[in-house]
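Residue numbers (the working numbering), protein chains in the order written: chain G, 1075 to 1194; chain B, 63 to 563.
Don't read these hints as lab results, they were simulated from the structure. Since we're looking at a predicted model, the values are computed, not measured. There could be a bad hint or two in this list.
With a straight-line Cα cutoff of 25 Å, these simulated SDA-like cross-link-like pairs (lysine to any residue) come out [claimed, not checked]:
1) B:K222 x G:G1138
2) B:K212 x G:I1191
3) G:K1125 x B:A128
4) B:K112 x G:P1118
5) G:K1076 x B:Q198
6) G:K1076 x B:I216
7) B:K535 x B:M552
8) G:K1076 x B:E402
9) G:K1147 x B:K535
10) G:K1184 x G:P1160
11) G:K1133 x B:D495
12) G:K1076 x B:K535
13) B:K112 x G:T1077
14) G:K1090 x B:K149
15) G:K1147 x B:G354
16) G:K1124 x B:I216
17) G:K1184 x B:T76
18) G:K1147 x B:N404
19) B:K112 x G:T1088
20) G:K1087 x B:G354
21) G:K1087 x B:K108
22) G:K1147 x B:L301
23) B:K212 x G:Q1153
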Amino acid sequence: MKTIEEIYQIREKTRKKLGVDAPASETRIVVGLATCGVASGAKPVYDAFKKAIKENKIKKVTVGQAGCIGMCKFEPLVQVFVPGQPVVTYVNIGADAVSQIIEEHILGGKPVAKYTITQE
Amino acid sequence: MSKNVSSVTSLNDTAFYKNQYRIALRNCGIIDPENIDEYIAYDGYKALIKAYSSMTPQEVIDVIKASGLRGRGGGGFPTGTKWQFTKNSVGDKKFVCCNADEGDPGAFMDRAVMEGDPHAVIEAMTIAGYAIGADQGYVYIRAEYPLAVKRLQIAINQAKEYGLLGKNILNTGYNFDLEIRLGSGAFVCGEETALMNSIEGKRGEPRPRPPFPAVKGLFAKPTVLNNVETYANIAQIILNGAEWFSSMGTVKSKGTKVFALGGKIVNTGLVEIPMGTTLRTIIEEIGGGIPGGKKFKAAQTGGPSGGCIPPEHFDIEIDYDNLIAIGSMMGSGGLIVMDEDNCMVDIAKFFLEFTQEESCGKCTPCRIGTQRLLEYLEKITSGNADMQDLEDMESLCYYIKDNALCGLGQTAPNPVLSTMRYFKDEYLAHVRDKKCPAGVCKKLLKFIITDACKGCTLCAKKCPVGAISGTVKNVHTIDQAKCIKCGVCMESCKFSAIIKG
């Protein structure tokens, strides 16, 4: 059982980790994995990111999940939080896009424009 | 949206998100729902701690009352008042229940909250328990939502591990425990008394009210029952205050509402907008309009209990009372957009088929009434009805509304009444002219080959039943007796020579 004090400590620690108030120390890749995301094929994308990070022994990058972000037609959705940079949202992502995102964005520092939203 | 094609890197920059304001969905898509630490990071359980350490139960209720929060499940009853009634009721044991039996066709707001932010529900129910003096809660959730059930269970386990549920929460001396109860997807179990019967292990049938659940609810004890989205607002109200919440919305409807936007719309999705936003903003700006340049015909809100809103009310500010005034209702938040290709009689029939099948059968007006109503609609859509049938159907609608036992039956005729009110001409076309203007009702549909036919013979080759005859370079004809109205000929014609008549 935690005390109120410990809950506040968890809050501060996790805010740091997630980079809520100040840039985080790690890059986060977050895949939308609610029923809607899973139905449109987000699970293989999540697995592919996990595998790529592990196989390439990439340090300071975590792969996580989130619920529904609300925009059904763009599923599967992936958000990339690079510390100190604006969030990048990738849309309609398949597992085949993962290696390019890892290479150019996560390692190369340049978002892959063709997987972001293009609007008219 | 700007006219220039541009690439945006974050969803937050799209028109879809710019008009939204997220309270209930604040953490959805942001945090990991299976990690309690991330919920805590975004002020999770801070409201509970605030309530426990610096507010009396009455102060909690006063804040919820002052915020103007109303039930998001559809009824729109003031949440604070409901809590007050339950607090005031005498009982040795009280319960807090959550209605997560989201049954409206096309609605998925509650599922999104439970899959994306389950702790928000747990925290709010614990606060409700503190406010009314209950130490036990139940979440009634449909078994068709396996992922939501799984995440909610994980969240409950984590909260117990952290001492945020159970005995002596965070060493404050207060107790509150939470359990999940699975429903089997009966629509009537979203009705509060039927839901409680189902939790008790009885048949999911409504019971007459009064007594209301606040007096005699689950296991005959005073019970608070709120919807998932209602709970999702609670922690934020406690943290930010009643004034903050009531600064959003209209005079009688405060805060925001989540809508599941679907149907003939470019951006299908989950949107949370301040109360008082117009239908036009939702459909044209957030929803991106209707695909294919088609004409907007109606917006359906409130699911099988709601009604259709015609284009003349496109600029209405959406809130509980405005929607009821125009013959629809807020409902749990399904919003289905329809264009010129939708037949309004067929839409009414679709919802009646649903309620007729979901009627539990306990009371006669609903059991037999919905069946009779459906028969009228079938008669109309097959071209066999006369004007007397239309009149009889309308009076049957009012009879069912006045006499059914629970909300399911009392609202079941709404889709018929609202479409008759705004789209009477379509009913008349079906009854008098034996025509379906939208070309949906198959029995009234006729495909006709016009003089634009070049005699290419393509349609005759494509027709699966050989109903089209004609020779090369001569206008073809359709044998109406053989035609099964599949529409393949019309789709395949390169000269647009085939029309619906």
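(message) Hints numbered earlier in the text: which of these fail when held up against the supplied structure?
(response) Violated hints: 2, 3, 4, 8, 9, 11, 12, 14, 20 and 22; rest satisfied.
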